[in-house]
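From first to last, the protein sequence lines are chains D and F.
Residues in the first sequence are numbered consecutively from 1, following my numbering.
Residues in the second sequence are numbered consecutively from 113, following my numbering.
Be aware that a few hints might be false.
The calculated lysine-lysine pairs, modelled on DSS-like cross-linking and capped at a C-alpha distance of 25 angstroms, are [to be verified]:
#	chain 1	residue 1	chain 2	residue 2
1	D	Lys14	D	Lys44
2	F	Lys180	F	Lys166
3	D	Lys44	D	Lys97
4	F	Lys117	D	Lys44
5	F	Lys166	F	Lys117
6	D	Lys14	F	Lys183
7	F	Lys183	F	Lys117
8	D	Lys97	F	Lys212
9	F	Lys117	D	Lys97
10	D	Lys44	F	Lys212
11	F	Lys166	D	Lys97
12	F	Lys166	F	Lys212
13	F	Lys183	F	Lys166
14	D	Lys44	D	Lys57
15	F	Lys180	D	Lys97
16	D	Lys97	F	Lys224
17	F	Lys168	F	Lys183
18	F	Lys180	F	Lys224
19	F	Lys166	F	Lys224
20	F	Lys180	F	Lys117
21	F	Lys117	D	Lys57
22	F	Lys168	F	Lys212
23	F	Lys212	F	Lys183
24	D	Lys44	F	Lys224
25	F	Lys212	D	Lys57
These are calculated hints, taken from the structure and not from any lab test.
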Amino acid sequence: NAGVTQTPKFRILKIGQSMTLQCTQDMNHNYMYWYRQDPGMGLKLIYYSVGAGITDKGEVPNGYNVSRSTTEDFPLRLELAAPSQTSVYFCASSYSKNNEQFFGPGTRLTVL
Amino acid sequence: DQQVKQNSPSLSVQEGRISILNCDYTNSMFDYFLWYKKYPAEGPTFLISISSIKDKNEDGRFTVFLNKSAKHLSLHIVPSQPGDSAVYFCAASSNTGGFKTIFGAGTRLFVKA
Numbered sequence: 001n002a003g004v005t006q007t008p009k010f011r012i013l014k015i016g017q018s019m020t021l022q023c024t025q026d027m028n029h030n031y032m033y034w035y036r037q038d039p040g041m042g043l044k045l046i047y048y049s050v051g052a053g054i055t056d057k058g059e060v061p062n063g064y065n066v067s068r069s070t071t072e073d074f075p076l077r078l079e080l081a082a083p084s085q086t087s088v089y090f091c092a093s094s095y096s097k098n099n100e101q102f103f104g105p106g107t108r109l110t111v112l
Numbered sequence: 113d114q115q116v117k118q119n120s121p122s123l124s125v126q127e128g129r130i131s132i133l134n135c136d137y138t139n140s141m142f143d144y145f146l147w148y149k150k151y152p153a154e155g156p157t158f159l160i161s162i163s164s165i166k167d168k169n170e171d172g173r174f175t176v177f178l179n180k181s182a183k184h185l186s187l188h189i190v191p192s193q194p195g196d197s198a199v200y201f202c203a204a205s206s207n208t209g210g211f212k213t214i215f216g217a218g219t220r221l222f223v224k225a
């Protein structure tokens with residue numbers, strides 16, 4: 001049981017480039033989430049999904065897109081990278097809404 | 113607007129003593145609270161939770177206390193161990209008031225041997 005896996009672990013992007021952060025979970029969880037954590041701040045919800053084919057915006061969705069074609073995968077897309085998107089990104093999943101969330105190890109993204 | 117506040121950025125405690133981490137919230141719709149622990153270069157891991165119908169939940173060395181009237185919860189770690197050194201996040205959610213789980217900014221705990 002790998003839990004929640006994220007790739008890549010680190011990435012440096014130039015302004016205006018695009019990339020996809022990958023997230024996969026093998027726990028058959030319906031709920032999946034993307035957070036970003038800026039220095040000294042808590043986790044801010046970017047997007048979430050309550051099941052395959054269903055996604056919705058969180059607190060800070062601007063500049064990001066998601067898709068959920070399968071239960072296992074929840075990729076996060078950055079279309080036009082900006083320095084304000086420099087952050088650590090965490091993917092998480094949970095069995096239901098108020099259950100504990102299981103987090104991946106994070107992706108550290110720097111936009112220069 | 114910070115709905116979940118952890119006002120102490122850091123806390124230093126001697127090994128064997130009690131660590132008390134505090135968390136305040138503003139939204140009375142929150143009815144479920146969680147604590148997560150995070151080591152450097154890892155994702156947060158769930159530690160303990162409490163529902164608003166309780167005022168205390170205990171799991172081994174970890175106890176969470178909830179004071180609904182004060183909108184305050186605290187995490188007690190007794191006895192503290194060097195391996196407890198990590199960042200602790202308080203989180204709150206609501207069954208009725210919308211979906212989001214709101215996280216505090218975290219408190220970094222140092223347990224000195």
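We went through each hint and held it up to the structure:
no. : hint                   : result
1   : D:Lys14 with D:Lys44   : holds, 23 angstroms
2   : F:Lys180 with F:Lys166 : holds, 9 angstroms
3   : D:Lys44 with D:Lys97   : holds, 16 angstroms
4   : F:Lys117 with D:Lys44  : holds, 14 angstroms
5   : F:Lys166 with F:Lys117 : holds, 21 angstroms
6   : D:Lys14 with F:Lys183  : violated, 44 angstroms
7   : F:Lys183 with F:Lys117 : holds, 11 angstroms
8   : D:Lys97 with F:Lys212  : holds, 9 angstroms
9   : F:Lys117 with D:Lys97  : holds, 22 angstroms
10  : D:Lys44 with F:Lys212  : holds, 10 angstroms
11  : F:Lys166 with D:Lys97  : holds, 19 angstroms
12  : F:Lys166 with F:Lys212 : holds, 21 angstroms
13  : F:Lys183 with F:Lys166 : holds, 13 angstroms
14  : D:Lys44 with D:Lys57   : holds, 11 angstroms
15  : F:Lys180 with D:Lys97  : holds, 21 angstroms
16  : D:Lys97 with F:Lys224  : violated, 37 angstroms
17  : F:Lys168 with F:Lys183 : holds, 14 angstroms
18  : F:Lys180 with F:Lys224 : violated, 32 angstroms
19  : F:Lys166 with F:Lys224 : violated, 32 angstroms
20  : F:Lys180 with F:Lys117 : holds, 15 angstroms
21  : F:Lys117 with D:Lys57  : holds, 23 angstroms
22  : F:Lys168 with F:Lys212 : holds, 23 angstroms
23  : F:Lys212 with F:Lys183 : holds, 18 angstroms
24  : D:Lys44 with F:Lys224  : violated, 31 angstroms
25  : F:Lys212 with D:Lys57  : holds, 10 angstroms
This entry does not satisfy hints 6, 16, 18, 19, 24, going by the numbered hints stated previously.
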